Amino acid sequence: MGLQVSLEKKVNGFDLDIKWDIDNELAVLFGSSGMGKSMTLQLIAGLMKPDNGRVSLDDKVYYDSSMRTDIPPQDRPFGYVFQTLALFPHMTVIGNILYGAPLAPEHEKMERAMEMISAFKLAGLEGRYPDEISGGQKQRVAVARALIRWPSVLLLDEPFSSLDRPLRIEMRRFLIEVKKEFNIPVIMVTHDFDEASAIANKVIIYEHGRIAQTGTPDGIRKAPVNSYVEQLVREE
Amino acid sequence: MDNAVLFSIRLSLQVAVVSTALIVLTGLPVAYFLARRNFSGKELLDVLFTIPLVLPPTVTGYYLIIIFGRNGFLGKHLYLLTGWSIMFTWYAAVLASYVVALPLMIKTARAAIESVDTNLINASYTLGHSELGTALKVILPLAKRGIVAGTVLSFARAMGEFGATLMLAGNLPGKTNTMPIAIYSLAGSGDWSQAHLMVVLLTVMSGIFLYIANKYSKRII
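These protein sequence lines are chains C and Y, in that order. Start counting the first sequence at 1; every next residue gets the next number (the numbering used here). Start counting the second sequence at 1001; every next residue gets the next number (the numbering used here).
By construction, these hints were calculated from the structure, which means they are not laboratory data. None of the values given here were measured: they were computed from a predicted structure. The C-beta atom is built at its ideal place from N, Cα and C for all residues, glycine as well. A couple of the hints might just be wrong.
Just so you have them, the derived chain C footprint on chain Y, three or more residues with Cβ under 8 angstroms [what the hints assert, rightly or not]:
1) 1112-1120
2) 1124-1134
3) 1137-1143
All chains should be modelled from the sequences, with the hints used to inform the complete structure.
Here you go:
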């Protein structure tokens, strides 16, 4: 049960072949750049098509190459926060958040969006455009937009990489609160072990498209399986 | 201004408005598919649609006669069925302007659609929106400037269309003589004062359209 992922994908000479599962927890995909972490999120969300594999959440299958199941991304209940945040520049803060709930009835939509605005401390910014708000505010809009339709999983692709340190620490706290509040599996990609150990119950370490090690941050720090993992953990 | 001049101005505007409307309706979906889909023969299709941009308009007109003329492979059947041919009607002027100006829309709109950040498109999908919803609410609004520039350029090109129009619609005073064709006739018959008037008018109008198109296309980048 939980989110079960097994994926194979060859693209431009890069070869991804991974298998992992998580329960209702906050997991981190960790490793240097170019190891296949972001690609994994895109494959889970259906933005890329795997060559082989399976993506399922509890007993619902979203992708299965052997059964030729491939649910399009718009029908997968996975909230996605992009590294670039991907806020729509032509929509206001409230417009961006409302866009995340296309199927909700009109009257309920606005009510939910206003709840998001207050829960994510965005009051007063409703009518602003993305280029008129700060970096931290943009992060919160992106997360609110991904959560307004109550997804079953939240995927975050290095969402805090562009922030300075104090703001990153604030956003970590914020993410832990989100996890508590929404009570869904959260998977975050990062290449910062500090960040991974500050928030994650589970760390999945990527090495050239394979899983090098899986465990708790402490467990991995104490017993790295190879020199690559040891170096990653020690450097931080 | 005499009636013949007014007729030409009105006809040119009518031809340009109708052909531009058709260009927006058909060119935009074509530009979208060329920008967003990968299929074999895609670049060949692009060449097919946009080759009138570099062909002499008389050659484009020649092809159109082969296709839509009374003995053309489509025109023949239309004539047999209805007794009507598009040749030497103002519809022929619309057809000529449409084919010659369509590439400007396709090229400009395709580039604008391709320049929309893929992350924004993917974000729309992950937020539960279909491809059509994403096209209408994210891609087209963000490519708006390029689309407007393409529309204005197409309109200006349609207003100035001469070669293909002459071959297809002919030079029938009071029927198919658009401004460029009327100027050709007036200059040929030595009626310089009327020709001057239309030349100045067409130049000013084209200048204004180009200015508008530049203003929009500059802001794309």
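The hints, checked one at a time:
1. 1112-1120: It holds: at least three residues are needed, and the segment 1112-1120 of chain Y offers 3 whose Cβ sits within less than 8 angstroms of chain C.
2. 1124-1134: Held - the segment 1124-1134 of chain Y has 8 residues with a Cβ nearer than 8 angstroms to chain C, which meets the minimum of three.
3. 1137-1143: With 4 residues closer than 8 angstroms to chain C, the segment 1137-1143 of chain Y meets the three-residue bar; holds.
Going through the hint list in order, the structure satisfies each hint without exception.
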